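Engineer: The listed protein sequences correspond, in order, to chains A and B.
Quick note on the UniProt record's numbering: the first sequence kicks off at 1 and runs consecutively.
Quick note on the UniProt record's numbering: the second sequence kicks off at 1 and runs consecutively.
To be clear, the hints were calculated from the coordinates, so they are not data collected in a lab.
Any given hint could be a false lead.
Identical copies go unnamed one by one, so any copy, or any two together, can satisfy a pair.
What the hints assert, rightly or not - Taking lysine-lysine and the DSS-like style, the derived pairs with C-alpha atoms no more than 27 Å apart in a straight line are:
| id | residue 1 | residue 2 |
| --- | --- | --- |
| 1 | K129 | K198 |
| 2 | K146 | K194 |
| 3 | K146 | K68 |
| 4 | K194 | K129 |
| 5 | K146 | K129 |
| 6 | K194 | K68 |
| 7 | K146 | K217 |
| 8 | K202 | K146 |
| 9 | K198 | K146 |
Bear in mind the structure is a predicted one, so any value in this text is a computation, not a measurement.
Number of protein chains: 2
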Amino acid sequence: MSYQLHYWPTIQGRGEFIRLALEAAGAPYVDVARGTGAGQGTRAMMRYFNDQDLARPPFACPFLVDGKRVIAQTAAILMYLGPRLGLVGASEIDRLWAHQIQLTIADFITEAHDVHHPLGVGLYYEDQKPESLRRAAEFRAERLPKFMAWFEAIVERNPRNAGSEFPHLIGGRLSYVDLSLFQVVAGLQYAFPKASRKAFRKTPQVLAVHAGVQAHKRVAAYLASERRIAFNVEGIFRHYPELDG
Amino acid sequence: MSYQLHYWPTIQGRGEFIRLALEAAGAPYVDVARGTGAGQGTRAMMRYFNDQDLARPPFACPFLVDGKRVIAQTAAILMYLGPRLGLVGASEIDRLWAHQIQLTIADFITEAHDVHHPLGVGLYYEDQKPESLRRAAEFRAERLPKFMAWFEAIVERNPRNAGSEFPHLIGGRLSYVDLSLFQVVAGLQYAFPKASRKAFRKTPQVLAVHAGVQAHKRVAAYLASERRIAFNVEGIFRHYPELDG
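Please construct the entire structure, taking both the sequences and the accompanying hints into account.
Structural biologist: This is the structure in structure tokens:
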């Protein structure tokens, strides 16, 4: 049976981390809110938020429906899918490490988002532009390099990377955290082309993970397809040149 | 062997969610950065961040050291400790649900923190006061009630709460998410006494979880001890009256 992914239909956003895992594994799934068939569309997603009989309701999207199971929180969804899609190692401690990396990616994503929404999600970017400019300066100078240095250190210290064509964050083969780091790099290159180019000069291993994922056959096919939504100024990563320094 | 908790020694912060779990379970642990003995103190914690030989380094504290394992990210630590401390159910799907709730608490915590730091952590609150006032208004009016309503719904829909003395977020007995929700309520009552009182009027079940945890024998002993650091204006939850509306 297909997995059902529920997420906003016009942005990559947090849903993209799930899409990439499903696509890289070649798993059958329905991107529900983007569908036009019966039981599809945004309304089908919203029904879960309004369903008073759902014992374990999602707080927000993305959420995954797998049979009777409804699972929200991007990192939790990936932790659930990881073993099922062959995108994480077998041991508890390897899975926990992968998840720990994913949670740190989630923290970074939140900060990348808050650059253009420092005063909250209730206001448009245009209504918090001076504040965004101030927050962006700290993001470019401190936060972006700090997070990237940590990812770089992890790849460098992964003993399984010696002699492999492309490095990985964990273990000797593709995992969902590699896919997520790819997405972070792609998002930064779109939103902060100047600041990220500068940061990536110090993180060649991070760029190598990105390149490896991009060259992955199923990922490449996905990126070239219409299923990949283009970056835009509605998502997490937004290109506002004034925020790029 | 004792668990080692590494966290800033003068604040509750994110470390408190771990402390509460260890305390409620009566587990042996050392709060390393607060210690004055050999191999303790903040320097002992910082050593992990600077250790180039650590294959799986923490990005930030809190982190837990269990023998050779070093585990960071509050929610991941609780997921690891949960089964070991008897603070979560046995099935994969129950553990995932507990973790999903914990991740949503983590999201809320981040928002509660950003109320007084909307422009980032590199500036003092005093340097971002007008921005904090604007962000606080949205937090009080939208975000706080929205998150609390979700927690309330979860407790209401937990089928195991019928007839029990104190309700729980999941299952029929205390879990680490109950402890974390307790901490959220306590933090809100300290930081936003007016706004939270208003919000809690609509969430009696959330208050009942808080009361149940507070009455728990080991938790009560902990709260009365010197091990419980008092709330202060260095942590996540800060009482700045002007932000309380």
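Engineer: With reference to the structure, classify each hint as holding or not holding.
Structural biologist: Evaluation of the provided hints:
1. Within a single copy, K129 and K198 get their C-alpha atoms as close as 24 Å, which meets the 27 Å cut-off; across copies the closest is 31 Å, which misses it.
2. In this assembly of identical chains, K146 and K194 lie within 27 Å of each other by CA distance solely inside one copy; the values are 17 Å within and 37 Å between copies.
3. For a Cα distance limit of 27 Å, the shortest separation of K146 from K68 across copies, 25 Å, qualifies, whereas the shortest one inside one copy, 40 Å, does not.
4. For the identical chains of this complex, K194 and K129 are intra-copy neighbours only, at 19 Å inside a copy versus 30 Å across copies, given an alpha-carbon limit of 27 Å.
5. Proximity of K146 to K129 under the C-alpha cut-off of 27 Å is found in both arrangements, the shortest distances being 24 Å within a copy and 26 Å between copies.
6. Taking identical chains as interchangeable, the C-alpha atoms of K194 and K68 are never at most 27 Å apart, the minima being 45 Å within one chain and 40 Å between chains.
7. In the homo-oligomer, the alpha carbons of K146 and K217 never lie at most 27 Å apart, since the shortest distance is 31 Å inside one protomer and 42 Å across protomers.
8. When the C-alpha separation of K202 and K146 is checked against a cutoff of 27 Å, the pair qualifies only within one copy, where the shortest distance is 11 Å, while the shortest distance between copies is 41 Å.
9. When the C-alpha separation of K198 and K146 is checked against a cutoff of 27 Å, the pair qualifies only within one copy, where the shortest distance is 13 Å, while the shortest distance between copies is 39 Å.
When each numbered hint is compared with the structure, violations occur for hints 6, 7.
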